[in-house]
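Asker: Which chain is which? The protein sequence lines are A and B, in order.
Residues in the first sequence are numbered consecutively from 1, following this note's numbering.
Residues in the second sequence are numbered consecutively from 1001, following this note's numbering.
In case anyone wonders, no lab produced these hints; they're calculated from the structure.
Hints are supplied without guarantee of correctness; some may be wrong.
List time: in silico DSS-like cross-link candidates among lysine-lysine, alpha-carbon distance up to 25 Å [as the list claims (entries may be wrong)]:
| no. | chain 1 | residue 1 | chain 2 | residue 2 |
| --- | --- | --- | --- | --- |
| 1 | B | K1062 | B | K1149 |
| 2 | A | K105 | A | K251 |
| 3 | A | K26 | B | K1192 |
| 4 | B | K1251 | A | K33 |
| 5 | B | K1005 | A | K192 |
| 6 | B | K1093 | A | K294 |
| 7 | A | K129 | A | K192 |
| 8 | B | K1251 | A | K169 |
| 9 | B | K1175 | B | K1192 |
| 10 | A | K251 | B | K1251 |
| 11 | A | K252 | B | K1095 |
| 12 | B | K1093 | A | K26 |
| 13 | A | K133 | B | K1005 |
| 14 | A | K131 | B | K1005 |
| 15 | A | K252 | A | K105 |
| 16 | A | K129 | B | K1005 |
| 17 | B | K1066 | B | K1054 |
| 18 | A | K192 | A | K131 |
| 19 | A | K169 | A | K252 |
| 20 | A | K192 | B | K1278 |
| 21 | A | K134 | B | K1005 |
| 22 | A | K196 | B | K1005 |
| 23 | A | K134 | A | K77 |
| 24 | B | K1095 | A | K26 |
| 25 | B | K1095 | A | K33 |
| 26 | B | K1278 | A | K134 |
| 27 | B | K1062 | B | K1251 |
| 28 | B | K1093 | A | K33 |
| 29 | B | K1175 | A | K33 |
| 30 | B | K1175 | A | K294 |
| 31 | B | K1278 | A | K294 |
Keep in mind it's a predicted model, so treat the numbers as computed, not measured.
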Amino acid sequence: MKAKQESQINHQEVNDLLENDMLLRKRRIRRGKINSAVRYAILIAVGILMLYPLVWLIGASFKTNAEIFTSIGFMPKEFDFSGYIRGWKTSTEYTFATYFANTFKIVIPKVILTVISTTVTAYGFARFKFKGKKLLFSILIATLLLPNVVLRIPQYLMYREFNWLDSYKPLVVPAAFAVDAFFVFMMIQFMKGLPKDLEEAAVIDGCNSFQVLWYILIPMLKPAMISVALFQFMWTMNDFLGPLIYISSVKKYPVSIALKMSMDASTLVQWNQTLAMSVIVLIPSLVVFFIAQKHFVDGISTTGMKG
Amino acid sequence: MKLKKYEGYFYILPWLVGLLVFTAYPFIASFVLSFTDYNLQSSPNFIALGNYKKMFETELFKTSIKTTFIYVFVTVPLKLTFALFIAYILNFKLKAVNFFRTAYYLPSILGGSVAIAVLWRFLFADSGLINIIIGVFGADPISWLGNPKYAIFTISLLRVWQFGSPMVIFLAALKNIPESLYEAARIDGAPKTSIFFRITLPLITPIVFFNFIMQLVQAFQEFNGPYIITGGGPLRSTYLFPLYIYDNAFKYFRMGYGSALAWFLFIIIMIFTMITFKSEKYWVHYDGGDE
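Chain B with its partners taken away, still in its complex shape (with noise of 0.2 Å):
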């Protein structure tokens, strides 16, 4: 009888080991290593804020910092957007809303392989379809992934044709939306934008709320798109902040610096975090709320 007491601690126990091994020490260890000089040859030295004046003293990190909040700022907002626009749009009783909602998640449970990258590389090509099919309305074919100005939109692009997964979970909101408040306000005459904006929208902030935290901390976190198909490049112009982490800590095996990259882009991302919960309340409205 006294065992059934610990007999939750037996199964959670595989989960408690990794996460005391493979998160909370690898944790601890990489905010310790920031602050040394380690590089796989040397023991390694305490340097105390070393890494961290470094960086802000490199050209490449700020340039990458700028590359990945554009980055950042215009896909989770495209891809958001459209998600729940297309979603909305399903939610009304159409027929073959299956199909439909099938083919727009596809490119979602796909999108993640590199062989969506390598496609991404031949359409957007300066002889690829994309110039093929602009050319055939008289455009004259533009360097997407050459030029530095639209290389990072390009790699923008590829996710926020993503847009399934967070559509997905919409769609599951709209759905619970009771039909009564609809009709509520169809008797009273109000407009399909206002009942848009005065009840679906509200109603679903708390998806959209959840929605954004993740496809935010995904999107800082980028790295399969840049990297393989710019390179980072033209002259840098996708080098995303993950890509130059990448670069210290496993092609120069600077692991000192390249953790003190990691915490920054962390507390980044914990920042923004942080400020999307703290505006919850202004924005967010949760069942039987203010109202």
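Same shape as in the complex, but just chain A (with noise of 0.2 Å):
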């Protein structure tokens, strides 16, 4: 009879409790999904602060002088390239086919010698033992961290002593020494994670340290190669400074110099050639990006680079 009632009472209870349950898991469920719109909500929001500025340049960009101060919407009324014509003449004697062709002839010789060097340096520091690499390894890192800024001076001096003012030397020869001390350590990091097998029977078989570096490393460092081929462009085509200080006459500014240069001569009437010029000097480093973004990231995650 007591065994009975107690079994009843425990068939309650575990109702109780399977009821319970039962509800508990309803209600996370539907907060689950409350919560899940509330983050989609925050970064649909967040994505269209992050992106409509852009988008509404390029709309801009079409537009004429009186609509880009009235309208909220990117599309424009009727699409007016004049700006792009009139903008792409300037109102310097070249045009920014000339600043273009200046642009590349750094950002190209630049990104190559990077890579070339960056791979090279990082090579002799994860592969092979030296006296005194630790020191140096230090060293590396530090210069990570020392401020661009406090160079600046005597190397503007050292390169009037060399004559390299107004030319592209300043910009373009330093990368052939391996300055960017973040590029050699993504690399040696992205080194240290491969394999060493591979390179240990090249050895065997009589490959000189070169040929290990040529034939085997240098395919597998690809994708670390092409990240800091992705970044050291991007920078380039972003430098304004370095131009700003060593490039003094016209004909030899690169675009974005020209594009300070242009926003500083229109006035309100001829505003939508400055963000037509915008959109064109935007144009590569967007097409690079969308093509290689997974490097982009890949290379910034694994390494924690600046961007």
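Both chains come to you apart, so use the hints to assemble them.
Answerer: Okay, here's the thing in structure tokens:
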């Protein structure tokens, strides 16, 4: 009799518990849904804040000057290409074609030199033992944090002595000497993550260290080398202070300086020209970013680089 | 065989030369120059601490330093908080995370461009898009770049808008936290906020620390934003310290004074980096730390 009662109570309890559990689970699912709705709402709102200025820029570049300052929407009432045509011509005797050519005269050699010099340096640090390596590596890390601002004046005076002013040499030549510690560090980290067995086998087969680098390591290093090339491309495209200090003749200006000049020269009447040229200046970077966005995000997340 | 011992040096040689010529020499030279009155025209004279004394007597130096501190201590915390917050949300298993991550990252990668600074000047112009938008809500237009009170914050906002790169780093760190740690806390019924502050945040403090230092060093050297958008104005309200250095060194060619200013900024950056490193033990938890 007693036992029966007990089992009934137990049964009741178990039932209650189950029901309770069901309720809890339902509530959790509902709360989960609300939570993810809130999260999406935040992400979308922030996304709009992040991207609308860029979208607006593209739209505004096709607007007439009057429309730029009156409408919120990004779609122009009619497409007006005059900003592009007049902006491209610029108020100087050169067109943006010259300025783009100048930019690429800096960017292309700089990217190539950076990739080569950082790969070679990283190879030395990651794969060889030598006296003072620890100290040199600490110096490398210290230069990561060294603010450039403190080097700029003597560098200028030095390039002046070399007769390098108003040429692209001050902007390009240092890249051949792996001066961007970030990239060296990134390559070292990447190389340390690669297995060494293939290299050891190659050495046994009689490869010298350069052959090991060329035939074994470089094919595996490709993703890291691409990341270095991409970041250096972006930074050099965007570089403003370097050319501002070193380039003084208009015909040698890269686009970053040309754009600033066009902005300073434009009165209220010509603002769509400046906006149109801003779009043009961003196009190479945008194209590269969308083709290679995976490399950017991977590069930055694995090594914690600045962007 | 003997060569093998030196092979490593052979490969790091370009870097070593670069270090000596483009980094070490300029570093020492600017220190030496900072005690001279070198101005390109005449040969430098040693004036001891003259430049350093002069700067503390210059009104512009003081306002510039003050502006720089305001700028740094508004920009860096805002940018990092935002980056962490968004990374935290992106870390929930949501659809389209990759899309959002790319969208948020885009401004950081383009942000250094002159084109973006130009865009900023248009967006925040007196009759620019931002004022048109707030006008729709019935607010009076604000002189974002014309009013000395607001201009520095408008510049700061440009850099906060580029929270993408610290965000990507935070996100990678958050993904590394093992799920099992969260599960244990959830079974114990810990609320979300305490999970965040007691588990998530302590585990990623090394990354917070790294991001903080990188952003700090960058912010103290901000040049493009104020130079292009406001030119340091109005009324010098956005005249950040690197602009002051630039004007002295490359506009007036006061190389000695400019070097002293650069060293002053360098020392400030070093002090803040040191403080952060020293305080590390109080707030940064490395794996298997003091738990």
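Asker: For every hint, state whether the structure bears it out.
Answerer: Hints, one by one, checked against the model:
no., hint, verdict
1, K1062(B) - K1149(B), "holds (17 Å)"
2, K105(A) - K251(A), "holds (13 Å)"
3, K26(A) - K1192(B), "holds (18 Å)"
4, K1251(B) - K33(A), "violated (60 Å)"
5, K1005(B) - K192(A), "holds (20 Å)"
6, K1093(B) - K294(A), "holds (19 Å)"
7, K129(A) - K192(A), "holds (14 Å)"
8, K1251(B) - K169(A), "holds (21 Å)"
9, K1175(B) - K1192(B), "holds (17 Å)"
10, K251(A) - K1251(B), "holds (21 Å)"
11, K252(A) - K1095(B), "violated (48 Å)"
12, K1093(B) - K26(A), "holds (20 Å)"
13, K133(A) - K1005(B), "holds (12 Å)"
14, K131(A) - K1005(B), "holds (9 Å)"
15, K252(A) - K105(A), "holds (10 Å)"
16, K129(A) - K1005(B), "holds (8 Å)"
17, K1066(B) - K1054(B), "holds (17 Å)"
18, K192(A) - K131(A), "holds (19 Å)"
19, K169(A) - K252(A), "holds (12 Å)"
20, K192(A) - K1278(B), "violated (29 Å)"
21, K134(A) - K1005(B), "holds (15 Å)"
22, K196(A) - K1005(B), "holds (19 Å)"
23, K134(A) - K77(A), "violated (64 Å)"
24, K1095(B) - K26(A), "holds (22 Å)"
25, K1095(B) - K33(A), "holds (13 Å)"
26, K1278(B) - K134(A), "holds (22 Å)"
27, K1062(B) - K1251(B), "holds (20 Å)"
28, K1093(B) - K33(A), "holds (12 Å)"
29, K1175(B) - K33(A), "holds (22 Å)"
30, K1175(B) - K294(A), "holds (17 Å)"
31, K1278(B) - K294(A), "violated (36 Å)"
The structure fails hints 4, 11, 20, 23 and 31 (numbered hints given earlier, in ascending order).
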